[in-house]
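Visitor: Below are the chains, spelled out letter by letter.
Protein chains: 2
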Amino acid sequence: MTEPEINSSANPRIKSLVRLRTRRERDRTGRFLVEGYRELSRALEAGVKLEELYVARDLFLGDNEPELIDRASGAGAEIVEVAAEPFRKASYRERPEGLLGVARQFPASLAALDLTGTPLLLVAEGIEKPGNLGTMLRTADAAGANGVIVADPTTDPFNPNVVRASLGTLFTVPLAVADTEAVIATLRSARVSILAATPRGARPHHGVDLTGSVALVVGSEQYGLSARWLEAADERVVIRMPGPVDSLNAAMAAGILLFEAVRQREIG
Amino acid sequence: MTEPEINSSANPRIKSLVRLRTRRERDRTGRFLVEGYRELSRALEAGVKLEELYVARDLFLGDNEPELIDRASGAGAEIVEVAAEPFRKASYRERPEGLLGVARQFPASLAALDLTGTPLLLVAEGIEKPGNLGTMLRTADAAGANGVIVADPTTDPFNPNVVRASLGTLFTVPLAVADTEAVIATLRSARVSILAATPRGARPHHGVDLTGSVALVVGSEQYGLSARWLEAADERVVIRMPGPVDSLNAAMAAGILLFEAVRQREIG
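Residue numbers (this note's numbering), protein chains in the order written: chain S, -3 to 264; chain B, -3 to 264.
Treat the hints with care, as some may be off.
If chains are identical, the list can't say which one is meant, so a pair holds when it fits in one copy or spans any two.
[Claimed, not checked] Only pairs whose alpha carbons sit at most 20 Å apart, straight line, appear in this in silico SDA-like list of lysine to any residue:
{"no.": "1", "residue 1": "K11", "residue 2": "S216"}
{"no.": "2", "residue 1": "K85", "residue 2": "R67"}
{"no.": "3", "residue 1": "K85", "residue 2": "R15"}
{"no.": "4", "residue 1": "K125", "residue 2": "R91"}
{"no.": "5", "residue 1": "K11", "residue 2": "V204"}
{"no.": "6", "residue 1": "K125", "residue 2": "P92"}
{"no.": "7", "residue 1": "K85", "residue 2": "G113"}
{"no.": "8", "residue 1": "K85", "residue 2": "I10"}
{"no.": "9", "residue 1": "K45", "residue 2": "E61"}
{"no.": "10", "residue 1": "K125", "residue 2": "Y88"}
{"no.": "11", "residue 1": "K85", "residue 2": "A6"}
{"no.": "12", "residue 1": "K125", "residue 2": "R160"}
{"no.": "13", "residue 1": "K45", "residue 2": "T114"}
{"no.": "14", "residue 1": "K125", "residue 2": "N157"}
{"no.": "15", "residue 1": "K125", "residue 2": "G70"}
{"no.": "16", "residue 1": "K45", "residue 2": "A186"}
Quick caveat, the hints were computed from the structure, so don't treat them as lab data. Just so you know, these numbers come straight off a predicted model, no measurement behind them.
Sequences are here, hints too, so could you generate the full structure?
Guide: Following this line, the structure appears as structure tokens:
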């Protein structure tokens, strides 16, 4: 049995892990937290640079953790053994599984997106809730989207709640973060149609062709899309809601649009 | 200015509000919490029996609170003025708006659902997360579904997180809670088609007719649908996911199915 190197919650490394929950510390260090087997596994597969991996063997749930630790070590991560108590303090979860990594933030530039062929893109403007952004990433991944673009973000995609809600698809879906003008210019120069989802849309989302190069643009729940996006759109579409309350979660709206595109591409 | 009747967080009524966050207390008393203007407004419109309304005028955000208080009072609710500090203690929210109600739980029986015509129903089996159930209710409401049936619940629909995530649509969508055998018997006797969503479905969800009487059945994220539902289904359908990770949040899967039904009914 390996002896823990860290036995106290007062250890400075435990404190630095807790500080990484704040945006200020993430921005200052260029690092972020990745917790859990599935998330770490996807990060490693995607070539994300894992710098440190904190392990609490007493908290392991299964048998596959040692293999992950070997992979992390082989990829250059420092492995740090931690006793259960200080690990719980550092963990972001209610039921920690004994695996917490610190990774280097990766660039999320528009230029890195592959816009050849007939890409299906999701653009999210001004999303505030990390859980919503994480769910959008997960859903875009499932839909086989070629990229998620976060325009004018108020949420840091390296927020631990984004990593968690995305189930690690933050590392599998191509991601770009940029301001709205840069996004519009990039989409136009790549001849990608801009479809803005808005309650005042002229046509239902399923009444337009989503089989070509297309960016589906959704706004925040509170404010919807900005005037700039509505004006820049090649088409304004509405998700018609026959029900009395007619309000959808922003991530749900994104999922309904993405899977209508999947449907059209399957039958097309 | 009305003087608060409750000025201390140690007041027994504040403590009883906090206790209503537990299922045990909700089951024991048959009561539950409804917080926020929108949620309370929808509860009143739906005729939910509001027994008490706690108001902290210092926390009001807008001008429409007095009108809601009048409506609640007119419907028989006791209005209790609370100082800001004890209200914050009782509130379930990060940013309390000064309105917290206690309502009587209403029956959610299968027999009360209207299954005439060509109803569109959502059946959710074994959903564990209150946020997921709330999002399903909100999405079913938007889709104009004729009912949401919770089969074999592990989550109490009167959980404050369900009320919150549903934005109060818990009160607008017809809701039934029952065990799986009773649900299957009811659907069969009303000649409602049972469509089970499963990764091992034979046909894509958009390849089947959703314009007739239909119940869309989704399982929990962790376990999927039980063998009983798969066996009872008239059709097993798959939401095809072209992406690498191919996993959808349970509420997202429900929304994609519901809005495919909406699409078919619109163009049908």
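Visitor: Please go over all the hints and tell whether each is borne out by the structure.
Guide: Tested hints:
1. Proximity of K11 to S216 under the C-alpha cut-off of 20 Å is found in neither arrangement, the shortest distances being 34 Å within a copy and 36 Å between copies.
2. With identical chains, the CA atoms of K85 and R67 are never at most 20 Å apart, being 25 Å at best within one copy and 47 Å at best between copies.
3. Taking the closest pair of Cα atoms, K85 and R15 come within 20 Å of each other only inside a single copy of the chain (12 Å); across copies the shortest separation is 27 Å, beyond that limit.
4. Taking CA atoms no more than 20 Å apart as the test, K125 paired with R91 passes between copies only; the shortest distance there is 15 Å, against 22 Å inside one copy.
5. Taking identical chains as interchangeable, the C-alpha atoms of K11 and V204 are never at most 20 Å apart, the minima being 52 Å within one chain and 54 Å between chains.
6. For the identical chains of this complex, K125 and P92 are inter-copy neighbours only, at 18 Å across copies versus 23 Å inside a copy, given an alpha-carbon limit of 20 Å.
7. With identical chains, the CA atoms of K85 and G113 are never at most 20 Å apart, being 47 Å at best within one copy and 56 Å at best between copies.
8. In this homomeric assembly, K85 and I10 come within 20 Å of each other (Cα to Cα) only inside a single copy, at 7 Å, whereas the closest approach across copies is 31 Å.
9. In the homo-oligomer, the alpha carbons of K45 and E61 lie at most 20 Å apart inside one protomer (19 Å), although the nearest pairing across protomers, at 52 Å, exceeds that limit.
10. Taking the shortest Cα distances, K125 and Y88 sit within 20 Å of each other both inside one copy (17 Å) and across copies (18 Å).
11. Taking the shortest Cα distances, K85 and A6 sit within 20 Å of each other inside one copy (10 Å), while across copies they are farther apart (30 Å).
12. In this assembly of identical chains, K125 and R160 lie within 20 Å of each other by CA distance both inside one copy and across copies; the values are 13 Å within and 15 Å between.
13. Taking the closest pair of Cα atoms, K45 and T114 never come within 20 Å of each other, the shortest separation being 30 Å inside a single copy and 54 Å across copies.
14. When the C-alpha separation of K125 and N157 is checked against a cutoff of 20 Å, the pair qualifies both within a copy, at 9 Å, and between copies, at 16 Å.
15. Taking the shortest Cα distances, K125 and G70 never come within 20 Å of each other, neither inside one copy (35 Å) nor across copies (37 Å).
16. In this homomeric assembly, K45 and A186 never come within 20 Å of each other (Cα to Cα): the closest approach is 30 Å inside a single copy and 57 Å across copies.
The structure fails hints 1, 2, 5, 7, 13, 15, 16 (numbered hints given earlier, in ascending order).
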